[in-house]
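Chain residues, written in single-letter form:
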Amino acid sequence: MSLNRRRFFRKAGMITALGLGGTFGITGLLRKVEASEYETPQQGLVAKRWAMVVDMSKFKTQEDYNRVIEACHSVHNVPSLGNPKDEIKWIWNEDYEHAFPSQNNRYMKESVKNYPFIILCNHCENPPCVKACPTEATFQRPDGIVDMDFHRCIGCRFCMAACPYGARSFNFRDPRPFIKEINPDFPTRTLGVVEKCNFCVERLEKGLMPACVEESKGGLIFGDLDDPKSEVRKIVSSQYTIRRKPELGTQPSVYYLVGGGDLV
Amino acid sequence: MYKGGKIIASLVIFVALLSLPFFYNRGKANKGPEINLNTPAILQLADKQCVEPTEWMRANHMQLLLRWRDEAVRMGKTEYINSQGKSFKISLQTCLNCHSDPALNTSDQFCVSCHNYTAVKPNCWSCHTWPQEAAK
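Here the protein sequences line up with chains R and V, keeping their order.
Once you know that position 161 of the first sequence is 147 in this note's numbering, the rest is easy, because the numbers rise by one and skip nothing.
Once you know that position 13 of the second sequence is 294 in this note's numbering, the rest is easy, because the numbers rise by one and skip nothing.
Keep in mind the hints are simulated off the structure, nothing from the lab.
Keep in mind the model is a prediction, meaning the values are calculated, not measured.
Glycine is no exception: its CB is placed at the ideal position from the N, C-alpha and C atoms.
Heads up, some of the hints might be wrong.
[Said to hold, decoys possible] Sample of chain V residues lacking proximity to chain R, with all beta carbon distances greater than 12 Å (derived):
| hint | residue |
| --- | --- |
| 1 | MET282 |
| 2 | TYR283 |
| 3 | VAL293 |
| 4 | ILE294 |
| 5 | PHE304 |
| 6 | ASN311 |
| 7 | ASN319 |
| 8 | MET356 |
| 9 | THR359 |
| 10 | CYS379 |
| 11 | VAL401 |
| 12 | CYS405 |
| 13 | SER407 |
| 14 | TRP411 |
[Unchecked claim] Covered stretches of chain R (chain V as the covering partner; in silico rule of three or more C-beta atoms under 8 Å from a C-beta of chain V):
| hint | segment |
| --- | --- |
| 15 | 165 to 178 |
| 16 | 230 to 241 |
[Claimed, not checked] Facing chain R, from chain V, some residues (calculated, C-beta under 10 Å):
| hint | residue |
| --- | --- |
| 17 | LEU298 |
| 18 | GLN330 |
| 19 | THR335 |
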């Protein structure tokens, strides 16, 4: 049997149509089993732009810092490796000079210069870490939180190089043996994964404030910066606050209130 | 054929050796994985159905878990409404609440024993924790 050109095209067209039709049929059937839906929990807290104000006047003793740090690190299974090289930090403290290197006067009040500031991920509006991540493991949620999908992290550490605030830590060792008490509701990390503060997304969706905020006794104020009635917005718009390295244009969401109390 | 007899004889021996395991195991059913569906939590359930019907779960649990992961982590959607309209919290702990038996070792647990049998090595447990491990 010989085919002429016209017949060949007709047959080819028919077979293609059949093939495509068949695929649609099969995928249609497959979709039928996934009739289920995915929803955001109703009790969750929502915002357009989450932000935090750190009222430094509320942090007086070492105990104030430790309480906040311990609250975060126990909830998120952050290991304590005991040496600064391998250290994993979600929230920690840093002196003024290193936290605000560009706002450093030579004859600054000694007490301010040596004052330990609470430092955490700034959840920038223009996060350089998100741009650097090749696998989109770090991403920005619509509510402004810069979150991480640990499943996708390949441990390239581009984000650590990109972050101007040193807010990210790398698991150079298996963290599991160094966690005092594992909280099964939050995953631990594994060797070769980067991690950082996530503004407690897992608590916000349950309707809870971040762990550090809850333990801070008013030292950390958390809320929606986009809402003019929120406490964070009121503080930021009425009092003098500073942010870390604002000149870089990353627009950090963590504001430091240094004018209050007897700090300055 | 040059040395034909020897060649054919060796070939017969070779094929016999090669097929020995098949004949050795013929008629013997392989012992399947020990799937423990009688954990205390499951025994207490009135309606003994997983998140979706058992047959569907058996075939599609891996796709479901991947979808759960992406919806929960990336979209913030941590509630799953199944095909019968029942809602579940998206978390591996939701699975473990029923499927982990406190009396067993991790290696004998529901998912681990079956994955071992089928030589599937998911890396869930390098980060996620069994309640028993957490208690230690």
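These are the hints, each one checked on the structure:
Distance check for MET282 (chain V) against chain R: the nearest CB is about 43 Å away, which clears 12 Å, and the non-interface claim stands. Listed as outside the interface, TYR283 (chain V) is consistent with that label: its C-beta sits roughly 47 Å from the nearest C-beta of chain R, beyond the 12 Å cut-off. In this structure VAL293 (chain V) is separated from chain R by more than 12 Å, as the shortest Cβ-Cβ distance comes to about 46 Å. Annotated as non-interface, ILE294 (chain V) keeps its C-beta farther than 12 Å from every C-beta of chain R; the closest such distance is 48 Å.
Once the 12 Å rule is applied to beta carbons, PHE304 (chain V) is consistent with being away from chain R; the minimum gap is 40 Å. Distance check on ASN311 (chain V): its Cβ is at least 29 Å (rounded) from any Cβ of chain R, clearing the 12 Å threshold; non-interface status holds. Against the 12 Å criterion, ASN319 (chain V) stays outside the reach of chain R, whose nearest CB is about 22 Å from its own CB. Not every C-beta of chain R lies more than 12 Å from that of MET356 (chain V), the closest at about 7 Å, which undercuts listing it as non-interface.
A beta-carbon of chain R is positioned within 12 Å of the beta-carbon of THR359 (chain V); the least distance is around 6 Å. Here CYS379 (chain V) stays apart from chain R, with its beta-carbon at least about 15 Å from theirs, past the 12 Å limit. Even its closest Cβ contact with chain R, about 17 Å, leaves VAL401 (chain V) beyond 12 Å, as expected for a residue assigned away from the interface. With a cut of 12 Å on Cβ distances, CYS405 (chain V) falls inside the contact zone with chain R, its closest approach being about 9 Å.
The beta carbon of SER407 (chain V) is not kept farther than 12 Å from every beta carbon of chain R, the shortest such distance being approximately 4 Å. The claim that TRP411 (chain V) is not at the interface with chain R is violated, since a C-beta of that chain comes within 12 Å of its own (minimum 8 Å). By the rule of at least three residues with a Cβ nearer than 8 Å to a Cβ of chain V, the coverage given for the segment 165 to 178 of chain R holds, with 9 such residues. A count of 0 residues in the segment 230 to 241 of chain R with a Cβ less than 8 Å from any Cβ of chain V is obtained; the coverage claim is therefore unmet, three being the minimum.
The restraint placing LEU298 (chain V) at the interface with chain R is violated, with a minimum CB-CB distance near 44 Å, outside the 10 Å limit. Hint status for GLN330 (chain V) relative to chain R: violated, with the closest Cβ pair at about 14 Å, above 10 Å. Checking THR335 (chain V) against chain R by beta carbon gives a least distance of about 13 Å; that is not within 10 Å, so the hint is violated.
Hints 8, 9, 12, 13, 14, 16, 17, 18 and 19 from the earlier list are contradicted by this structure; the remaining hints agree with it.
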